[in-house]
Amino acid sequence: LLSTRQPMKNHHPFSILLLILLIIPGNEAFCPAGVKSNKVLSIVDSKRTTRVLNVHKNDDDQAVDSTNNDLINRRGALIQSASVVASSLLVASGSMVPSAAYADDKLVELIVSQQRLLEGLSAAPLRHIVITGANSGVGLAGAKLLTAAGHRVTLACRTQAKADAAAEKCREYAASAPDKFFKSRREGGIAVGAGCDLASMASIRSFAKSLQQKSKDLPIDSLVLNAGLAHGQNDATVYRTADGLEETIGVNHLGHFLLANLMAPTLEANNKKTSRLVLTASPVHDPTSGGGDVGLPASLGTLQGMSGKDFEMVDGGAYNADKAYKDSKLCNILFMEEAARRYNGKFTVNAFSPGLIADPNGFFRNQNKGFSTIFNTITKVVGVAESNEFGGSALAYMAVDPSVSDQSGGWYDSSPPGKHQLSKHDPSVEAQNINEQKQLWDLSTKLVGL
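Residue numbers (our numbering): 65 to 514.
Hint data in this document are derived by calculation from the structure and do not stem from the laboratory. We put the beta carbon where it would ideally sit given N, CA and C, even for glycine. It is possible that part of the hints are untrue.
Unchecked claim - Beta-carbon label-pair distances, calculated as ranges: (1) Lys278 x Val493: 39 to 45 Å; (2) Lys373 x Asp299: 18 to 24 Å; (3) Asn408 x Glu251: 34 to 40 Å; (4) Gln277 x Ala306: 19 to 25 Å; (5) Glu183 x Lys336: 41 to 47 Å; (6) Ala306 x Arg406: 23 to 29 Å; (7) Lys510 x Arg405: 16 to 22 Å; (8) Gly252 x Asp374: 44 to 50 Å; (9) Ala300 x Pro242: 44 to 50 Å; (10) Arg406 x Gln276: 18 to 24 Å; (11) Lys336 x Thr441: 44 to 50 Å; (12) Gln368 x Thr441: 38 to 44 Å.
Said to hold, decoys possible - Here are the simulated lysine-lysine pairs, DSS-like style, with alpha carbons at most 30 Å apart: (13) Lys337 x Lys247; (14) Lys373 x Lys502; (15) Lys336 x Lys273; (16) Lys510 x Lys278; (17) Lys337 x Lys373; (18) Lys278 x Lys336; (19) Lys280 x Lys244; (20) Lys247 x Lys280; (21) Lys410 x Lys337; (22) Lys373 x Lys233; (23) Lys233 x Lys247; (24) Lys233 x Lys244.
Kindly produce the complete structure, drawing on both the sequences and the hints.
Here you go:
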C-alpha cells in the first residue's frame, strides 16, 4: 500500500485493516529511538527542532519546563509514524488534509493545554461573540461551550433555519447537566441565530447592517470568522459565488474580509471591552507543514489572478481544488497579519487552527467518502486526530479568555497534532511577507467593493 502509491480503491480492505493494526499507538516499531510515545513533547536528537519559550502545563505535566530552553522534537513519535501512513495515503488517493500538522523549526512562544483552554471560559468577563459557520463542527462546538459558560452568542449560518436549529442546540447544551468535558459552567448564556451566506456579498452586507443597528445595546466583543469550505480534490469544477468569484477563496477569504471590514467600526466603537477579531485558519498554509507539503503547496505568486473577478486561482494558474483551499488559508493568515497592524490599539486580531478533524460527514464531506472514512479512522488510531470539542474549546478560548485580551497578530497552531493543545509560533515565510499582506488587502478591497 505504501510503496505502490496506487488509488485506495485498488487495495484489498484487509491491507487497510492490517495497516491500521500495525500503527496502534504503543507499537514501538513506529517510534524512533529515544522517543517516549506516551509524552506530548519528548526531547530527542533531531535536526527538526523547536525551542519552547513558555508552556502552560496540564495536570499530567505533559510539557517541558519553560525555563530550560530544551530543544524538542515538534512531530514526536506519533507524527513520524503517522506521516508515513497519512502522507502516502494522501498522495495515493489524491485527497487533501484541510487542517493537518504544523511546520518544523518554529520558535514556539506559548503552549496552551486542553484544560487551560476550558478553565477560563466561565470566569471570563461576559462577552457577545459572533461566530460564522456555527451550525456544525468546530463552530457549533465553540458556540455550545460559550453559551454554557454564560456568554451571549450569535450563530451566523448560511440560512436562518440552520442558524435557529444550531442556536437551539446551544441552549439545550447549556441547560443540560455539566458533562465530563466541560464541568465548570455559568448560567445566563444566550444563543441566537442569524442568516449570513458568505457566498453572497448582499447577504453579508445585510447581516452586518443588522449587527450594526443593534450594536448600541448589544456591542460586539468578539467576531470569529470560522466558516469555511473545501471542494473535493478530484473535482475540476470551478464553483462560483453569487458574485462570480471562485467559491473557495470567495467564502474562506473574501466573504470574511468583507464582513470584518464592515464590522471594524463597530468593533472599534466598543468602549467597554477590547474587541477581538479571530480567524479559523490551518497549518496547510505553510508548505513545510504536514499536509501543507502534500500536493501543490500554498503560494499566491504575484496575485495576478485577483486583477479581476473571473479568476480561478489567486496566482493566475489553472484551478486546483487542493491548492485553492491551501491558498485560502494563506490568505487568512496574510489578512490577519495586516489587520493586526492596521487596527493596532483599536481591537486585537489573531488566528488559530482547530486541528485535523477528518469527519467524512463534516468538513471532509466534499472529499471521496471511502477515503475520508478510512483516513478518519487511521488518524484516530495513530492519535493525530483532533475533535470538534477540542476545536470548539480552542475557538472559545481565543474569543473570551482574558489571557488573549492584549495579544494581537498571533498564530496559534494545533500542535503536536492529536495532543489537544495550541502552540503559538510564527506562520509560514510567505505569510510574513509584509508587501504581500498589503497587496492582498488592496486587491481584496477592490474585489468586494469597499
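Hint by hint, where does the structure go against what was stated? Just the numbers, ascending.
Violated hints: 5, 17, 19, 20, 22; rest satisfied.
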